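> Sequence:
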Amino acid sequence: MILSTSHPACTVISISCPTGLTASRAARGKMPISTTGSSTDPGDAGFTLLELVVVMALIAIMFSLAVPNIRNALYTDPLKSTARRLTGLVAEAGQDAVASHSSRLLVYDVSRRMFRLQAGNDEKHAVRLAVPASIRVTDFMSVHGGTRSSGRMEIRFSRQGYVDKTLIHLQDTDGREMTLMLSPFLGVSRLFAGYLDLENEQIRW
1 MILSTSHPAC TVISISCPTG LTASRAARGK MPISTTGSST DPGDAGFTLL ELVVVMALIA
61 IMFSLAVPNI RNALYTDPLK STARRLTGLV AEAGQDAVAS HSSRLLVYDV SRRMFRLQAG
121 NDEKHAVRLA VPASIRVTDF MSVHGGTRSS GRMEIRFSRQ GYVDKTLIHL QDTDGREMTL
181 MLSPFLGVSR LFAGYLDLEN EQIRW
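Per our numbering, the very first residue in the sequence shown carries number 1; after that it's consecutive.
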(Lines of atoms letter the chains of each structure in order from A and count residues from 1; the text may use other names and numbers.)
(Lines give C-alpha, C1' and ligand atoms only; values in the text may rest on other atoms or scores of the structure.)
Protein backbone atom coordinates (compact mmCIF):
# COMPACT_ATOMS: atom_id res chain seq x y z
CA MET A 1 0.00 0.00 0.00
CA ILE A 2 1.31 3.49 -0.97
CA LEU A 3 0.54 6.77 0.90
CA SER A 4 0.98 9.94 -1.13
CA THR A 5 0.50 13.63 -0.25
CA SER A 6 -0.49 15.85 -3.19
CA HIS A 7 -1.43 19.16 -1.32
CA PRO A 8 -0.62 20.69 2.03
CA ALA A 9 -4.34 21.18 2.86
CA CYS A 10 -5.58 17.88 1.71
CA THR A 11 -4.16 14.56 2.28
CA VAL A 12 -5.23 11.94 -0.20
CA ILE A 13 -4.59 8.37 0.44
CA SER A 14 -4.10 6.43 -2.81
CA ILE A 15 -4.15 2.70 -2.52
CA SER A 16 -2.78 0.61 -5.39
CA CYS A 17 -3.58 -3.08 -5.01
CA PRO A 18 -2.09 -5.79 -7.23
CA THR A 19 -5.59 -7.07 -7.98
CA GLY A 20 -5.12 -7.10 -11.77
CA LEU A 21 -1.82 -8.86 -11.52
CA THR A 22 -3.22 -11.37 -9.08
CA ALA A 23 -6.27 -11.95 -11.26
CA SER A 24 -4.07 -12.38 -14.30
CA ARG A 25 -1.96 -14.96 -12.51
CA ALA A 26 -5.08 -16.75 -11.30
CA ALA A 27 -6.50 -16.83 -14.82
CA ARG A 28 -3.31 -18.27 -16.16
CA GLY A 29 -3.34 -20.82 -13.40
CA LYS A 30 -6.80 -22.00 -14.42
CA MET A 31 -6.10 -21.98 -18.22
CA PRO A 32 -5.70 -25.51 -19.61
CA ILE A 33 -2.41 -26.22 -21.31
CA SER A 34 -2.36 -28.63 -24.24
CA THR A 35 0.63 -30.23 -25.82
CA THR A 36 1.29 -30.65 -29.54
CA GLY A 37 -0.99 -33.24 -31.13
CA SER A 38 -3.63 -33.12 -28.40
CA SER A 39 -6.53 -30.86 -27.52
CA THR A 40 -8.46 -30.37 -24.29
CA ASP A 41 -11.49 -28.97 -26.14
CA PRO A 42 -13.85 -31.82 -27.13
CA GLY A 43 -15.22 -29.74 -30.01
CA ASP A 44 -11.78 -29.13 -31.48
CA ALA A 45 -11.31 -32.62 -32.93
CA GLY A 46 -8.96 -33.00 -35.89
CA PHE A 47 -6.99 -35.63 -37.77
CA THR A 48 -3.41 -36.35 -36.92
CA LEU A 49 -0.87 -37.24 -39.58
CA LEU A 50 -0.93 -40.86 -38.46
CA GLU A 51 -4.71 -41.05 -38.84
CA LEU A 52 -4.54 -39.60 -42.37
CA VAL A 53 -1.84 -42.09 -43.34
CA VAL A 54 -3.97 -44.97 -42.04
CA VAL A 55 -7.04 -43.77 -43.98
CA MET A 56 -5.03 -43.38 -47.20
CA ALA A 57 -3.56 -46.85 -46.75
CA LEU A 58 -7.04 -48.35 -46.33
CA ILE A 59 -8.28 -46.58 -49.48
CA ALA A 60 -5.28 -47.89 -51.44
CA ILE A 61 -5.92 -51.44 -50.24
CA MET A 62 -9.62 -51.27 -51.16
CA PHE A 63 -8.78 -49.90 -54.62
CA SER A 64 -6.17 -52.60 -55.26
CA LEU A 65 -8.75 -55.26 -54.39
CA ALA A 66 -11.48 -53.73 -56.54
CA VAL A 67 -9.48 -53.32 -59.78
CA PRO A 68 -8.68 -57.03 -60.26
CA ASN A 69 -12.33 -57.88 -59.64
CA ILE A 70 -13.42 -55.45 -62.35
CA ARG A 71 -10.78 -56.77 -64.74
CA ASN A 72 -11.74 -60.38 -64.01
CA ALA A 73 -15.41 -59.59 -64.59
CA LEU A 74 -14.57 -58.30 -68.06
CA TYR A 75 -12.42 -61.24 -69.08
CA THR A 76 -14.24 -64.11 -67.37
CA ASP A 77 -17.58 -63.15 -68.90
CA PRO A 78 -17.75 -65.65 -71.81
CA LEU A 79 -19.83 -63.33 -74.00
CA LYS A 80 -17.56 -60.31 -73.63
CA SER A 81 -14.42 -62.44 -73.78
CA THR A 82 -15.52 -64.12 -77.03
CA ALA A 83 -16.50 -60.78 -78.55
CA ARG A 84 -13.10 -59.27 -77.75
CA ARG A 85 -11.18 -62.26 -79.07
CA LEU A 86 -13.25 -62.17 -82.24
CA THR A 87 -12.51 -58.45 -82.58
CA GLY A 88 -8.81 -59.27 -82.46
CA LEU A 89 -9.21 -61.97 -85.13
CA VAL A 90 -11.05 -59.53 -87.40
CA ALA A 91 -8.24 -56.99 -87.00
CA GLU A 92 -5.68 -59.68 -87.79
CA ALA A 93 -7.59 -60.65 -90.94
CA GLY A 94 -7.46 -57.12 -92.34
CA GLN A 95 -3.80 -56.66 -91.45
CA ASP A 96 -2.79 -59.99 -92.99
CA ALA A 97 -4.64 -59.19 -96.20
CA VAL A 98 -2.85 -55.85 -96.59
CA ALA A 99 0.56 -57.23 -95.61
CA SER A 100 0.37 -60.21 -97.99
CA HIS A 101 -1.47 -58.37 -100.80
CA SER A 102 -3.89 -61.29 -100.96
CA SER A 103 -7.43 -61.83 -99.77
CA ARG A 104 -8.31 -63.49 -96.47
CA LEU A 105 -11.40 -65.43 -95.40
CA LEU A 106 -12.92 -65.38 -91.95
CA VAL A 107 -15.06 -68.51 -91.80
CA TYR A 108 -17.36 -69.73 -89.05
CA ASP A 109 -17.91 -73.48 -88.97
CA VAL A 110 -21.29 -73.95 -87.26
CA SER A 111 -20.90 -77.69 -86.65
CA ARG A 112 -17.45 -77.31 -85.07
CA ARG A 113 -18.23 -74.02 -83.35
CA MET A 114 -14.99 -72.64 -84.72
CA PHE A 115 -13.84 -69.46 -86.47
CA ARG A 116 -11.04 -69.85 -89.01
CA LEU A 117 -8.90 -67.15 -90.56
CA GLN A 118 -7.40 -68.55 -93.73
CA ALA A 119 -5.85 -67.61 -97.05
CA GLY A 120 -8.23 -68.80 -99.76
CA ASN A 121 -9.13 -72.44 -99.13
CA ASP A 122 -6.00 -73.19 -97.12
CA GLU A 123 -7.50 -74.56 -93.92
CA LYS A 124 -4.28 -76.27 -92.87
CA HIS A 125 -2.55 -73.05 -91.84
CA ALA A 126 -5.66 -71.28 -90.64
CA VAL A 127 -5.79 -69.35 -87.38
CA ARG A 128 -8.59 -70.80 -85.26
CA LEU A 129 -10.83 -69.40 -82.56
CA ALA A 130 -13.10 -71.77 -80.65
CA VAL A 131 -16.46 -70.51 -79.44
CA PRO A 132 -17.41 -71.57 -75.87
CA ALA A 133 -20.38 -73.88 -75.45
CA SER A 134 -22.27 -71.14 -73.61
CA ILE A 135 -22.03 -68.77 -76.59
CA ARG A 136 -24.01 -68.97 -79.82
CA VAL A 137 -23.12 -67.19 -83.05
CA THR A 138 -26.61 -66.10 -84.02
CA ASP A 139 -25.89 -64.93 -87.54
CA PHE A 140 -23.81 -62.87 -89.96
CA MET A 141 -25.61 -59.85 -91.42
CA SER A 142 -24.05 -57.90 -94.28
CA VAL A 143 -25.12 -55.27 -96.79
CA HIS A 144 -24.58 -57.44 -99.87
CA GLY A 145 -24.69 -60.95 -98.42
CA GLY A 146 -27.88 -60.65 -96.41
CA THR A 147 -28.35 -62.66 -93.22
CA ARG A 148 -26.78 -66.09 -92.79
CA SER A 149 -27.34 -68.24 -89.74
CA SER A 150 -26.42 -71.72 -90.94
CA GLY A 151 -24.13 -73.57 -93.32
CA ARG A 152 -20.88 -71.88 -94.30
CA MET A 153 -20.74 -68.40 -92.86
CA GLU A 154 -17.79 -66.39 -94.13
CA ILE A 155 -16.46 -62.87 -94.56
CA ARG A 156 -13.96 -61.99 -97.26
CA PHE A 157 -11.25 -59.36 -96.78
CA SER A 158 -9.78 -57.94 -100.00
CA ARG A 159 -6.05 -57.53 -100.44
CA GLN A 160 -6.53 -53.85 -99.59
CA GLY A 161 -8.13 -54.91 -96.31
CA TYR A 162 -11.64 -53.90 -97.38
CA VAL A 163 -14.64 -55.88 -96.21
CA ASP A 164 -18.37 -55.76 -96.76
CA LYS A 165 -20.17 -53.95 -93.96
CA THR A 166 -21.01 -56.88 -91.71
CA LEU A 167 -22.56 -57.50 -88.32
CA ILE A 168 -21.77 -60.60 -86.28
CA HIS A 169 -24.29 -61.36 -83.55
CA LEU A 170 -23.42 -63.31 -80.41
CA GLN A 171 -25.70 -64.57 -77.65
CA ASP A 172 -25.11 -66.34 -74.33
CA THR A 173 -27.30 -68.79 -72.41
CA ASP A 174 -28.82 -65.95 -70.37
CA GLY A 175 -30.15 -64.32 -73.52
CA ARG A 176 -27.68 -61.43 -73.48
CA GLU A 177 -26.52 -60.37 -76.93
CA MET A 178 -23.68 -58.41 -78.47
CA THR A 179 -23.14 -57.07 -81.97
CA LEU A 180 -19.72 -56.85 -83.61
CA MET A 181 -19.66 -54.40 -86.51
CA LEU A 182 -17.00 -54.63 -89.22
CA SER A 183 -16.28 -51.32 -90.92
CA PRO A 184 -15.75 -51.57 -94.71
CA PHE A 185 -12.95 -49.04 -95.15
CA LEU A 186 -11.73 -47.96 -91.73
CA GLY A 187 -10.14 -51.30 -90.89
CA VAL A 188 -11.69 -51.25 -87.44
CA SER A 189 -14.54 -53.01 -85.70
CA ARG A 190 -16.87 -51.90 -82.93
CA LEU A 191 -18.79 -53.74 -80.23
CA PHE A 192 -22.35 -52.92 -79.19
CA ALA A 193 -24.55 -54.36 -76.47
CA GLY A 194 -27.71 -56.01 -77.77
CA TYR A 195 -28.82 -57.23 -81.18
CA LEU A 196 -28.50 -54.38 -83.69
CA ASP A 197 -29.39 -54.56 -87.37
CA LEU A 198 -28.11 -52.55 -90.31
CA GLU A 199 -30.89 -49.98 -89.94
CA ASN A 200 -30.02 -49.11 -86.37
CA GLU A 201 -28.91 -45.51 -85.83
CA GLN A 202 -25.74 -46.66 -84.07
CA ILE A 203 -24.76 -48.70 -87.10
CA ARG A 204 -25.68 -46.36 -89.93
CA TRP A 205 -23.24 -43.74 -91.24
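Since the hints were derived computationally from the structure, they do not count as laboratory data.
Note that this is a predicted model, so its numbers are computed, not measured.
Take the hints with a grain of salt, since some may be wrong.
[What the hints assert, rightly or not] Cut-off 35 Å, straight-line C-alpha distance, at most; resulting in silico cross-link-like pairs (DSBU-like, lysine-lysine):
| # | residue 1 | residue 2 |
| --- | --- | --- |
| 1 | Lys-165 | Lys-80 |
| 2 | Lys-124 | Lys-80 |
| 3 | Lys-165 | Lys-124 |
> Confirm or reject each hint.
These are the hints, each one checked on the structure:
1. Lys-165 x Lys-80: Holds: Lys-165 and Lys-80 sit about 21 Å apart, inside 35 Å.
2. Lys-124 x Lys-80: 28 Å, holds
3. Lys-165 x Lys-124: 27 Å, holds
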